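> Sequence:
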Amino acid sequence: MAPPGPGTAEVEEALAEVPVPEDVHVAVVPGGAERTDSVSAGLATLRTDVGIVLVHDAARAFTPPEVFDRVVHTVRSGHAAVVPALPVTDTVKAVRSHGDVEIVTGTPDRASLRAVQTPQGFLRETLERAHAQVVGARRHTDDAGMVEASGVHVAVVPGHPRAMKVTTPLDLVVATAWAEVQGEGARTGPCLVVLSGLPGVGKTTLARELCARRGAVHLRVDTVEQSLLGSGIRETELGAGGYAATLAIAADQLRVGLDAVADLVNAVPEAREAWEELAESAGARLVRVELVCADEEVHRARVEDRTGDIEGHRLPTWAQVVERAWEPWPGAELRIDTGRTSVADAATLVEEACR
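Here the sequence shown stands for residues 0 to 354, where the numbers follow numbering that gives the first Met the number 0.
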């Protein structure tokens with residue numbers, strides 16, 4: 000979509016210089032007076048064999064490709080309407096006008112709130128039906144709102160911080176900085192993510208999600224330690240041997256340019272300093288992530304209900320977890336409460352820190 004009149008021709012000229020695959024059809028369609036008018040005009044130009052439609056704001060120009068992939072995959076998985084979104088981190092107030100000020104009328108629980116982004120994905124017939132049923136009934140700020148008003152459930156997938164909408168002068172400053180960094184190469188070396196947290200907070204689950212997304216190496220100290228015990232080393236002799244072996248493996252992976260995710264309790268300053276020194280010597284970007292589960296009931300249930308997946312490894316009891324020494328990690332880039340943050344959202348936060 001492009002502004003009607005001269006704006007349409009300007010966009011067409013700009014796109015003429017952009018190489019696209021032969022099987023991709025690009026059409027510049029003049030927009031309408033309202034958002035719904037513009038989307039309806041775009042829908043009218045689609046080929047008959049197009050079954051999935053993505054509606055994307057050009058102002059969200061830095062949206063990473065993986066967000067598009069997640070939306071399309073979820074539509075193909077059986078959801079007729081899908082939006083990417085991020086958890087709301089600010090406290091939100093509902094207000095009403097009261098003279099020259101506003102009065103707070105309520106404070107929604109932000110745990111259930113999401114800031115919606117684009118691209119929003121739909122089955123074509125779902126979006127067309129929503130436009131036919133809802134246009135004119137009330138003003139909607141996005142197509143997902145129209146679809147929701149037509150009675151269709153809207154699914155939510157993780158968005159991305161870089162999918163912000165560039166609308167204010169400050170937004171433009173941030174976007175310019177991102178463009179300059181990308182032009183210079185956002186990363187020159189691998190990323191080392193070091194997870195730290197008590198047993199049962201979700202370190203391994205998050206590590207696996209990150210490794211699947213980034214093609215990173217999973218460095219799980221429990222696996223290393225159990226392998227050492229299986230080779231004949233006595234448990235009383237193990238000491239910090241598992242950590243030392245995991246560090247050595249990590250060093251090899253980072254030297255060949257692979258991202259790595261270290262999955263370990265990592266409670267003492269000496270261990271944390273060792274990871275920081277490794278990152279510096281390997282020229283890797285270090286992202287230190289402290290994981291907690293502030294809800295004790297949830298944490299205890301995780302510890303008591305989980306089953307081991309490493310042969311011979313004895314999982315700690317809840318009493319042992321509670322007794323374990325633990326201190327916050329000063330300087331950690333992220334502190335994530337896994338009792339309130341989903342695995343997907345936590346992984347998105349870590350990915351952004353890696354960039």
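A couple of the hints might just be wrong.
What the hints assert, rightly or not - List of simulated lysine to aspartate or glutamate pairs, DMTMM-like, C-alpha gap at most 25 Å:
#, residue 1, residue 2
1, Lys164, Glu65
2, Lys164, Asp308
3, Lys164, Asp141
4, Lys164, Glu179
5, Lys92, Glu322
6, Lys92, Asp141
7, Lys92, Asp304
8, Lys164, Glu33
9, Lys164, Asp221
10, Lys92, Glu65
11, Lys164, Glu326
12, Lys164, Asp304
13, Lys164, Asp36
14, Lys92, Glu147
15, Lys164, Asp251
16, Lys92, Glu33
17, Lys164, Asp48
18, Lys164, Glu11
19, Lys92, Asp68
Unchecked claim - Label-pair restraints from in silico Cβ distances:
#, residue 1, residue 2, range
20, Val255, Ala114, 54 to 60 Å
21, Asp308, Glu179, 32 to 38 Å
22, Ser111, Val267, 36 to 42 Å
23, His97, Glu322, 35 to 41 Å
24, Ala43, Gly307, 44 to 50 Å
25, Glu296, Thr140, 35 to 41 Å
26, Val23, Gly256, 29 to 35 Å
27, Glu9, Ala43, 19 to 25 Å
28, Ala15, Arg75, 57 to 63 Å
29, Glu9, Thr140, 22 to 28 Å
30, Glu296, Val23, 16 to 22 Å
31, Ala148, Glu275, 29 to 35 Å
32, Gly150, Leu171, 36 to 42 Å
33, Ala15, Val255, 28 to 34 Å
None of these hints come from the bench; they were simulated from the model. Remember, it's a predicted structure, so these values are computed and weren't measured experimentally. From the three backbone atoms N, C-alpha and C, an ideal C-beta is built for every residue, glycine too.
> If a hint holds in the structure, say so; if it doesn't, say that too.
Hint check results:
1. Lys164 / Glu65: OK: lysine 164 and glutamate 65 at ~17 Å, within 25 Å.
2. Lys164 / Asp308: violated (43 Å)
3. Lys164 / Asp141: holds (13 Å)
4. Lys164 / Glu179: holds (18 Å)
5. Lys92 / Glu322: Between lysine 92 and glutamate 322 the Cα gap is close to 40 Å, so the pair fails against 25 Å, i.e. violated.
6. Lys92 / Asp141: holds (22 Å)
7. Lys92 / Asp304: Violated, at roughly 37 Å.
8. Lys164 / Glu33: At roughly 18 Å apart (the allowed maximum being 25 Å), glutamate 33 and lysine 164 satisfy the hint.
9. Lys164 / Asp221: violated (42 Å)
10. Lys92 / Glu65: violated (32 Å)
11. Lys164 / Glu326: Violated. Lysine 164 to glutamate 326 sits at ~38 Å, over the 25 Å cutoff.
12. Lys164 / Asp304: violated (42 Å)
13. Lys164 / Asp36: Holds, at about 21 Å.
14. Lys92 / Glu147: holds (23 Å)
15. Lys164 / Asp251: Between lysine 164 and aspartate 251 the Cα gap is close to 40 Å, so the pair fails against 25 Å, i.e. violated.
16. Lys92 / Glu33: Given pair lysine 92, glutamate 33 is violated - Cα atoms ~28 Å apart, limit 25 Å.
17. Lys164 / Asp48: Not OK: lysine 164 and aspartate 48 at ~31 Å, beyond 25 Å, violated.
18. Lys164 / Glu11: holds (23 Å)
19. Lys92 / Asp68: violated (33 Å)
20. Val255 / Ala114: 54 to 60 Å: violated (38 Å)
21. Asp308 / Glu179: 32 to 38 Å: Once the Cβ atoms are compared, 44 Å apart, the range 32 to 38 Å for glutamate 179 and aspartate 308 is violated.
22. Ser111 / Val267: 36 to 42 Å: Roughly 37 Å apart at Cβ, these two residues keep to the hinted range, so it holds.
23. His97 / Glu322: 35 to 41 Å: The hint (35 to 41 Å, Cβ to Cβ) is violated, given that histidine 97 and glutamate 322 are roughly 53 Å apart.
24. Ala43 / Gly307: 44 to 50 Å: violated (57 Å)
25. Glu296 / Thr140: 35 to 41 Å: For threonine 140 against glutamate 296, whose Cβ atoms are near 38 Å apart, the range 35 to 41 Å holds.
26. Val23 / Gly256: 29 to 35 Å: Distance hint for valine 23, glycine 256 holds at roughly 32 Å.
27. Glu9 / Ala43: 19 to 25 Å: Holds, at about 22 Å.
28. Ala15 / Arg75: 57 to 63 Å: violated (32 Å)
29. Glu9 / Thr140: 22 to 28 Å: holds (26 Å)
30. Glu296 / Val23: 16 to 22 Å: Between glutamate 296 and valine 23, where Cβ atoms are some 52 Å apart, the hint is violated.
31. Ala148 / Glu275: 29 to 35 Å: Violated: the Cβ-Cβ distance is about 52 Å, outside 29 to 35 Å.
32. Gly150 / Leu171: 36 to 42 Å: At roughly 39 Å between Cβ atoms, leucine 171 and glycine 150 fall inside 36 to 42 Å, so the hint holds.
33. Ala15 / Val255: 28 to 34 Å: violated (42 Å)
Violated hints, in rising order: 2, 5, 7, 9, 10, 11, 12, 15, 16, 17, 19, 20, 21, 23, 24, 28, 30, 31, 33; the structure is consistent with all others.
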